[in-house]
Structure formats: C-alpha cells, structure tokens
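Visitor: Those protein sequences? They're chains A, B and C, same order as listed. So the first sequence is numbered by the working numbering: it starts at 10 and just counts up by one. So the second sequence is numbered by the working numbering: it starts at 10 and just counts up by one. So the third sequence is numbered by the working numbering: it starts at 10 and just counts up by one.
Careful, some of the hints might be misleading.
For identical chains, the list gives no copy identity; a pair is met inside one copy or between any two copies.
Derived DMTMM-like pairs: lysine to aspartate or glutamate, alpha-carbon spacing no greater than 20 Å straight-line [as the list claims (entries may be wrong)]:
{"no.": "1", "residue 1": "65", "residue 2": "18"}
{"no.": "2", "residue 1": "228", "residue 2": "18"}
{"no.": "3", "residue 1": "36", "residue 2": "151"}
{"no.": "4", "residue 1": "228", "residue 2": "165"}
{"no.": "5", "residue 1": "36", "residue 2": "145"}
{"no.": "6", "residue 1": "45", "residue 2": "147"}
{"no.": "7", "residue 1": "192", "residue 2": "12"}
{"no.": "8", "residue 1": "65", "residue 2": "54"}
{"no.": "9", "residue 1": "65", "residue 2": "43"}
{"no.": "10", "residue 1": "228", "residue 2": "195"}
{"no.": "11", "residue 1": "228", "residue 2": "145"}
FYI, nobody ran anything at the bench for these hints, they're computed from the structure.
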Amino acid sequence: MGELQSALDVIAADRSVRVVVIAGAGKAFCAGHDLKEMRANNRQEYYEALFRRCSKVMLSIQRLPQPVIARVHGVATAAGCQLVAQCDLAVASSDARFAVSGINVGLFCSTPSVPLGRNVGRKQAMEMLLTGEFIDAETARERGLINRVAAADQLDAELQRLIDAILAKSQVAVETGKAMFAKQLEMGIEAAYQYAGQVMACNMMAHDAGEGIDAFMLKRPAQWRHS
Amino acid sequence: MGELQSALDVIAADRSVRVVVIAGAGKAFCAGHDLKEMRANNRQEYYEALFRRCSKVMLSIQRLPQPVIARVHGVATAAGCQLVAQCDLAVASSDARFAVSGINVGLFCSTPSVPLGRNVGRKQAMEMLLTGEFIDAETARERGLINRVAAADQLDAELQRLIDAILAKSQVAVETGKAMFAKQLEMGIEAAYQYAGQVMACNMMAHDAGEGIDAFMLKRPAQWRHS
Amino acid sequence: MGELQSALDVIAADRSVRVVVIAGAGKAFCAGHDLKEMRANNRQEYYEALFRRCSKVMLSIQRLPQPVIARVHGVATAAGCQLVAQCDLAVASSDARFAVSGINVGLFCSTPSVPLGRNVGRKQAMEMLLTGEFIDAETARERGLINRVAAADQLDAELQRLIDAILAKSQVAVETGKAMFAKQLEMGIEAAYQYAGQVMACNMMAHDAGEGIDAFMLKRPAQWRHS
Chain A
10 MGELQSALDV IAADRSVRVV VIAGAGKAFC AGHDLKEMRA NNRQEYYEAL
60 FRRCSKVMLS IQRLPQPVIA RVHGVATAAG CQLVAQCDLA VASSDARFAV
110 SGINVGLFCS TPSVPLGRNV GRKQAMEMLL TGEFIDAETA RERGLINRVA
160 AADQLDAELQ RLIDAILAKS QVAVETGKAM FAKQLEMGIE AAYQYAGQVM
210 ACNMMAHDAG EGIDAFMLKR PAQWRHS
Chain B
10 MGELQSALDV IAADRSVRVV VIAGAGKAFC AGHDLKEMRA NNRQEYYEAL
60 FRRCSKVMLS IQRLPQPVIA RVHGVATAAG CQLVAQCDLA VASSDARFAV
110 SGINVGLFCS TPSVPLGRNV GRKQAMEMLL TGEFIDAETA RERGLINRVA
160 AADQLDAELQ RLIDAILAKS QVAVETGKAM FAKQLEMGIE AAYQYAGQVM
210 ACNMMAHDAG EGIDAFMLKR PAQWRHS
Chain C
10 MGELQSALDV IAADRSVRVV VIAGAGKAFC AGHDLKEMRA NNRQEYYEAL
60 FRRCSKVMLS IQRLPQPVIA RVHGVATAAG CQLVAQCDLA VASSDARFAV
110 SGINVGLFCS TPSVPLGRNV GRKQAMEMLL TGEFIDAETA RERGLINRVA
160 AADQLDAELQ RLIDAILAKS QVAVETGKAM FAKQLEMGIE AAYQYAGQVM
210 ACNMMAHDAG EGIDAFMLKR PAQWRHS
C-alpha cells in the first residue's frame, strides 16, 4: 500500500502520465491485505490506521487527475476486489474471478463494500459480501464491476485498445471530466447540472476544445496541446 | 433548445396532454449542440448561458407533470444522448446508437454525464465518456439507458404500446408518481419513505384511486376523471 | 403487517436467529395491501397511518441485525414487490412474477418505489411503476431486484444453499456488515470510507475475526463464537 500510495502521489504531479494501469505482478491481481501481518498487530489503533491508509489509497485513485484502469487476471479478492471497484475502468481476463471474501475469516469487507456498492446493485453487492462467493469475469462485466473481458492471451491487446482510445483524446478534457464525474454523482440533480455546466463552459475555453471543434468541422485530425 | 423549452412550457400547463414523446425529425434522434454555432460565440459567458439553457430544458423534462418518452432512431450523441437519459422512458430502433462523444472534439460531455450517470453504472458511463465510443441499442437496454428495443419498422408500434399502457392509467396517479419518484431518489431511505407515504395517502384521497379500487373489486373497467 | 412487525421485533432481540426468510403461505408471495380494507377506511389519516406502519415494517427489515431473504413464488405485486425489494437478498421460483401494479387501480406505488428505485435502474423502475406490467423472474434477476432464480421444485434447495452459506459465517461479522452497508451507501464516498474503516477496525477486534484469520492460516475450520 505504501508503494502504491507513493506511486500515485508521484503520478498525480507528473503531467506526462496520461493513463494509469494497475496490474498484479504475481499469479493474481490482488488478494487484499496481508492477514498474517494484520494478526501480528492486534490493536484497534493499528487497524484504524491500516484502513485509513487503505482508504487514502482508494481515494487517491479517485482524485488522481488521470484515468486509472485495473488490468485483472487471476483473483481479485477483498481489498483486491475493492481496488478493481475503485478504478475508473477495468479490463479482465475471462478467467478472472472476483470476491469480497473477508466474511470467510470473520471480517466483513466493510471498506471494499464502499466502491463495490457504488458499482453494482445492492442485492448483488450484499450477496457477494455475505457469502464471500466468487463471481466470474462475465458476471462482473454484466453487473458493471468491470468494463471488458478478454481471453487471457488477448487481455493486453484489449487493454491497449482502451488505453489508445483515451490517449487519442485531449488531456485537459479527460482530466476535467474525470474530476467532475465522481463529484456531480454525489449531488442532487439540480446542483449537479449547475456544476457540470460551469465545468463544461471552462472546458470550452481551453485550447483543445476550440482546436477539436475546428478540426472536426474541417475534417482534419486535431492537434491537442498536452501538458 | 428554445423551441423545445417553449413546447415543454406549454405542455406543462396543458392538462389535455397525457404523455409526451420526443422524437427526431431528421435521420438522427439528436446529435447534440451545434458545434459551429458554439465556436462562433467563443466567450465563457456564452457557454455558461448555453449550458444553463440546456440544463433548464433537461430539468423541465424531469419537472414536467407528464411522462416523457424518447423515441430514438439513428444516433443519439452528446446532448442528444443526454436527452435520452433525461427522459422518463425511452424506446429505440434496433439500429439506434448512443455515444457521449464530446471527448472526441476535446469537450468532455459534462452535462450529459449528469443523467447518464443516473441511468447506467459508473464504469459503463465512464467508459462511454472517456472513449466517446458508441453502444448499440441492445447494450443501452441492458444497462438501463433505454427501456425497449424494436426493429425499425416496429418502432412506432412498440412506442404506441408503451403510450397506450400509460394512457389507460389515471392521470392524477401517473403525475403524482412521476413527480414523487425522482424526488425521493435523492433522499435518504427514511425520509424517502416518509415522503412517499404522505404522497400515497393523498393519492388515495383522489377520486381515481377510489374509483379504481371499486372497479377492481367489482371487476368492471375504471372510469378515470381526467383533467 | 402487524404480525410481520411483531415477528421482526421479536427476532431483532433473539440472538439465536441467524437468518430470516420471508415467504408467502398461499399461492402468491404477497399481493400487497388489502384494497377492500383500504376502501372501507376512506380517510387520509387512516392512509397516512397505514403507510407509516408499512414503511416501519420495511425499515425494520433494513434495521434488523440479521440478513433477510425473500423466498418468492407466484406473484409479488405492489407492497409485495416492495417487500422483495426491501429484503437484503431474494431467491425466486422461475415462474415468479413482479409488478408494482397500484397504477392499475389509480394508485401509484409510491412507497414501493422507494426500495425498487434503490434496486433497479431508474428507467426500469419508472416503466414498471407507470405501466404496472409484470416482469418475470429472470428479468428481475438481471436487473438486480432478486439474486437467484430456481425451478419451482428447486426453489427451497437454492434458498437453503444461500442460507447455509450465511450460517457458515461469523454472526458478528454478518451483522456488523449488514448494518454498515446500507448506512454507508447514503454517505458521500469520503465519509463512507471513514465510517467503514472504523467499523472494520472494530470487527477486527472481535473474537471471530482473530479466530477466522488464525484458522485460515492454520488451514483448519474456524470456531465462531455465536451469541
């Protein structure tokens, strides 16, 4: 978590980074917290600090200017499933599996339920949280936990298509939109429209919107001004 | 937008109108704002006023007493997709396609993201907003952006079935419910129940509820008292 | 409703009850309020009190420490469909059907729309509320109104699998999680993470979390300490 937080902090300030992909280095995407380490520090203050740190990582993903894509292979369980849910987008191998399995060890996946409950339906989230059972990639896609599924040997190609689609866009438009989207979802619809309208008017005054519209009208490629 | 706003204002006060259908006259449902006009008025105040006007149209649809159905053929892009998302119901031709494509011209579809993010899942909305890619009618239906899909030559028949189903209902019940539904969704569940219970008790005191229940018990057709 | 409320009140205080199943005794799951009784008491105060009582039952289900599963066969209409929507989980027979059909008798299903609108998409809910039409069990599952569908003669076996999955878990973890989940969903994401983190730290200090993690590491079955 510490390394992930540091990486996110560095990326947040690096205008040359346009898209972030979070992938697992081992045989799984992420299996969540280290249970052994947790048990070895059996104090409430330790756990409170631990989950605060974890939540900070998650909120850093949401606050990151750049879009964050989870590249999921193998299992994504507990805080690993939370990580998928918290990312802006997710692409998974068809053999990937998802569970919020803390309940199996007597620990309800409370913090994972925060982004999970904002990705999938209530009963769907509740079933996963109470049973700890896995869902497969296709089910995760249907419910909205992930965006795309690809055969294992096509996963990186599918991921690349998504990355390329975003890289072809204006950086200022992408970043303006990502920051606005999560914020307006927490507002009532009237306040959301007012806020989104102001953001969009600002976006229109940026170089890229003028360039993009001019290019569109002249049927030529747009020349974005990246940072 | 001005004509649509005027029409909505007139309809809002016309008790003889029971259901509203928004359809496109040309080869598409709606392709959103006129980019050329936008570029020709390149001032932030102009854009702020433009998006305020657009948001007012959208909120007028939500506040309209009558249910509003989008009849979608061809493409619904950017503010056109927003219009579909904002309607209470939507029926689309099987060859209809939906995109929030502003990102392609450097302008993130911020105001369209307001109703879109309240119709479909977060990651599904985010993918559309960041990639600008189209989804087809069947995908839009599965995700909740539209209600029904029909072959192009069956679109009006399917639309008519939906209209007829609503016309067969009590006007006071339909209008009471439409106004209540969006409002309670923005409340916590306790406040929502309290509010919905009061609305429903009022609805019970209207002529039509008594008539409807009596007719149901006597197995005869109800005689609604329309305005 | 009175009997259901009493049963829920008793169960709420009975630590020996681990999971609650709500099932219909007759040929349907539940067809909602008794319309004849409602018409026989045609006063606004009566209706206000009636819907307050009904909402109290529904909120009691949400506040009940134990998970509540709807076992649905036949029809679930109006407040019967509300009951399904309000339960934490739902399993239905493949021939079960769901409608919020009050609109057919001039009474918009306002209170049912509260949990329905928190289970399925807005347009999906609005279509059901305005048309009063039935959806089948498979459609209800796809949209998130129910969790599982089984052939009529397999319904109890499927229900039992869900019950068994929950009974195999730690009671304190299940109850901690159920109470937390609905609450955090009504918060902004930052407040939700803070709250969920505190709940999870408390959960970690309970006997069962330590026992569960130790058992997992030692590859032995956990011995939960049930109340």
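Visitor: My question is about residue 45 and residue 147: at a cut-off of 20 Å on alpha-carbon distance, are they close within one copy, between copies, both, or neither?
Guide: For residue 45 and residue 147, the Cα distance exceeds 20 Å both inside one copy (32 Å) and across copies (42 Å).
Visitor: Are the CA atoms of residue 192 and residue 12 at most 20 Å apart within a copy, between copies, both, or neither?
Guide: neither (27 Å within a copy, 31 Å between copies)
Visitor: Checking residue 228 and residue 165: alpha-carbon separation at most 20 Å within a copy, between copies, both or neither?
Guide: neither (31 Å within a copy, 35 Å between copies)
Visitor: Go through the copies and call it for residue 65 and residue 54: within, between, both or neither, with a Cα cutoff of 20 Å.
Guide: This pair counts as within: shortest intra-copy Cα distance 16 Å, inter-copy 37 Å.
Visitor: Regarding residue 65 and residue 43, is the shortest C-alpha distance of 20 Å or less found within a copy, between copies, in both, or in neither?
Guide: within (17 Å within a copy, 42 Å between copies)
Visitor: Please work out whether the CA atoms of residue 228 and residue 145 approach to 20 Å or closer within one copy, between two copies, in both situations, or in neither?
Guide: For residue 228 and residue 145, neither the intra-copy (43 Å) nor the inter-copy (25 Å) Cα distance is at most 20 Å.
Visitor: Is the C-alpha distance from residue 228 to residue 195 at most 20 Å within one copy, between copies, in both cases, or in neither?
Guide: Neither: 38 Å inside a copy, 43 Å across copies.
Visitor: Between the shortest in-copy and the shortest cross-copy C-alpha distance, which are at most 20 Å for residue 228 and residue 18: within, between, both, or neither?
Guide: Neither way: residue 228 and residue 18 sit 39 Å apart in one copy and 38 Å across, limit 20 Å.
Visitor: For residue 36 and residue 145, with the copy left unspecified, which applies at a CA distance of at most 20 Å: within, between, both, or neither?
Guide: Within one copy only: 16 Å inside a chain, 35 Å across chains, cut-off 20 Å.
Visitor: At most 20 Å between CA atoms: does that hold for residue 36 and residue 151 within a copy, between copies, both, or neither?
Guide: The answer is neither: 24 Å in one copy and 31 Å across copies each exceed 20 Å.
Visitor: Give the relationship of residue 65 and residue 18 under a CA distance limit of 20 Å: within one copy only, between copies only, both, or neither.
Guide: This pair counts as within: shortest intra-copy Cα distance 11 Å, inter-copy 39 Å.
The structure fails to meet hints 2, 3, 4, 6, 7, 10 and 11 from the earlier list, while all remaining hints are met.
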